[in-house]
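Heads up: the sequence lines are chains A and B, in that order. All residue numbers for the first sequence refer to the working numbering, where the first residue is 29 and numbers rise by one. All residue numbers for the second sequence refer to the working numbering, where the first residue is 112 and numbers rise by one.
Derived from the structure by calculation, the hints contain no laboratory data. Each hint should be verified, as a subset may be incorrect.
[Stated by the list, open to error] In silico SDA-like links for lysine to any residue, alpha-carbon gap of 25 Å or less:
1) A:Lys328 - B:Glu386
2) A:Lys328 - B:Glu434
3) B:Lys450 - A:Lys74
4) A:Lys74 - B:Glu434
5) A:Lys74 - B:Asn231
6) A:Lys328 - B:Asn231
Keep in mind it's a predicted model, so treat the numbers as computed, not measured.
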Amino acid sequence: MANLTLVQAINLALIQEMERDDRVLILGEDVGLNGGVFRVTEGLHKRFGADRVVDTPLAESGIIGASIGLAMGGLLPIPEIQFEGFLGPAYDQLCTHAARMRTRTRGALTVPLTVRVPIGGGIHAPELHSDSPEAIYTHVPGIKVVMPSSPYDAKGLLISAIRDPDPVIFFEPKRIYRAFREEVPEDEYTIPIGEARIVREGDELTMVSWGASVIQCMNAIESSGRDIELIDLRSISPIDMPRISASVQKTGRAVVVHEAPMTCGVGAEIASRIMEECFLHLEAPVQRVTGFDCTMPYYKLELDYLPDAARIEQAVADVIAY
Amino acid sequence: MPVETVFETTIKRVSILDEHGRFDEELGADLIPDADLIKLYSHLVTCRHFDEIAFKLQRSGRMGTYPENRGQEATSLGAAYALRKTDWLVPCYRENAGLFWHGLPMEYVLLHWMGDERGNEIPSGVNVTPLAIPIGTQMLHAAGLAWSHKYRGDDAVACTFFGDGATSEGDFHEAMNFSANLDLPVIFFCQNNSWAISVPTRIQCSAPTIAQRGVGYGMECIQVDGNDLFAVVKVVRDAAERARTANRPTFIEAITYRLGDHTTADDARRYRDQEEVEMWKLRDPLIRLRNHLDAKGLWDETRQAALLEKAEAHVVDVVKSAEEIEPLPASDMFANMYKAMPAGLEEQARAMRTCSLGRFPGETADRAAT
């Protein structure tokens, strides 16, 4: 066991998977000598060489498109897109090709790639370095989307993603890259994609979140003193609805929290599914505490934009009082 | 003849004031009047000081991430000087000197990096687009802006700036192709500063020059010493003339160097040799121009001291104006989403909440009572 940050846990998972399987390779902008702009790939270039940790030309569509080819060629590429705001140029390759290759070829060609992408706000970064586009990719069939909220989960989820036979976008919440440490086993372990985690149990209300917002939820729960069950989705696509439904059927109340804008966010899907699956158990309308339906503001206003403990607590109070 | 040469090309490089102080009279004689030269040098010095202060603001926690411009100021300034105020500058984010010359107030750039969107509220009549944070996407906008002027029948042109790394992006190639094939008055100004964060130019382009990329699109292309203000002015003036009179784009590769880190979040010592940096410090465009002015008897230590004093005072005012701007209300994030704000958004802005409960005062209490 080692006491690791999220960055270090991801780095460890990459090292272990690269050692275990020489089909695994990393490619992207500044991932080599520089070790990535967040130092997630620190030391890997030296350890595995320039053939397996590859600095590519500066082209996100190229990085994903070439990764699709590498994957169809039998390798297990881990492309990095430097910030979620730069996924735009890669969208075409991800959604037009990676997501469809298996179904389009009836399984003859598959794309087992793991796209690593830092995501989210709260670090005073420039424009397009603070967005939360997870819902966009969740909406696209054929892609899996995961986002850990702790170092332990990060390692296990990343190993699952690398071994997954389909394309997975592995979002890394940069706000908590180094926010805290956690015991992370040296031995390999996996966390199944599609399985949510009950962070804490409770009977009064179910709170669902993922990524850095889980920390805000914990803060809100602690200061509210309420008996709240907190579910960390971990896997956004597919969503672990059985776990959410079981919880809401127990508590009768639900609040979903995410950084992304509200409209057509992942919270909308969860609220809708709760309505479908838990209708007769609900004591109050499902509520969402999310980013606003406006462009992520520059950092002077980012803390006003991101859901914080106070906003979450207010929603909890309203739902319980309903 | 079964195999014949159907096309051959050469790439020319323009240098007027070289790093050893040699000045080409034939090309450079009437290029920049002395009075303008003094203004340009003064501007460069002021911009360099601004850059140093911006760096310090970041280091002392008064500003967010900032990309130093140090070392490559002559590129955008030479271009802006060679163009007209009616022309467009379509920058990436390391063109302070050119943007300021073109009319963008200095405090706007500070506000931008201070995370304040008022830094993008470009004053009317200043033909510049906002700093482009994603790499290599803005060149297509230059093509469209140039197109709009061609469409209306005036002779304004658009000059877009980008780095060597950006020439790897697909949008760059689309912008080149559009401009060449639709005959658009665009100037593609590539600032080849050797590094795209940690990645050297060789990973972006394995041809001997980046300039020759333009050949494939059938456009004029030229390489220039980007730390030579005279040479930059010359090639941009030629390109602007070609754009205005013939609606033909030009691709310019300016050889320059990023003396600082990529941004304040970067540490270039991890990936490049200090020796390389030291070599490029000797090619600093400011030193070169200063020596030239000295040799022409246009400058001396007294004037330099006075200029520095003026630059320092000016930048103090700029910082003050950026830092003392009134705070933004949180509701400002909604203010410019649409011309007319949709009702649902207005509700979010008013309540600063997304959950529906509690949006209407008294609702929860009413429910509790029933």
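Tested hints:
{"no.": "1", "hint": "A:Lys328 - B:Glu386", "in the structure": "39 Å, violated"}
{"no.": "2", "hint": "A:Lys328 - B:Glu434", "in the structure": "12 Å, holds"}
{"no.": "3", "hint": "B:Lys450 - A:Lys74", "in the structure": "53 Å, violated"}
{"no.": "4", "hint": "A:Lys74 - B:Glu434", "in the structure": "44 Å, violated"}
{"no.": "5", "hint": "A:Lys74 - B:Asn231", "in the structure": "41 Å, violated"}
{"no.": "6", "hint": "A:Lys328 - B:Asn231", "in the structure": "14 Å, holds"}
In summary, the structure is inconsistent with hints 1, 3, 4, 5 from the numbered list given earlier, while agreeing with the others.
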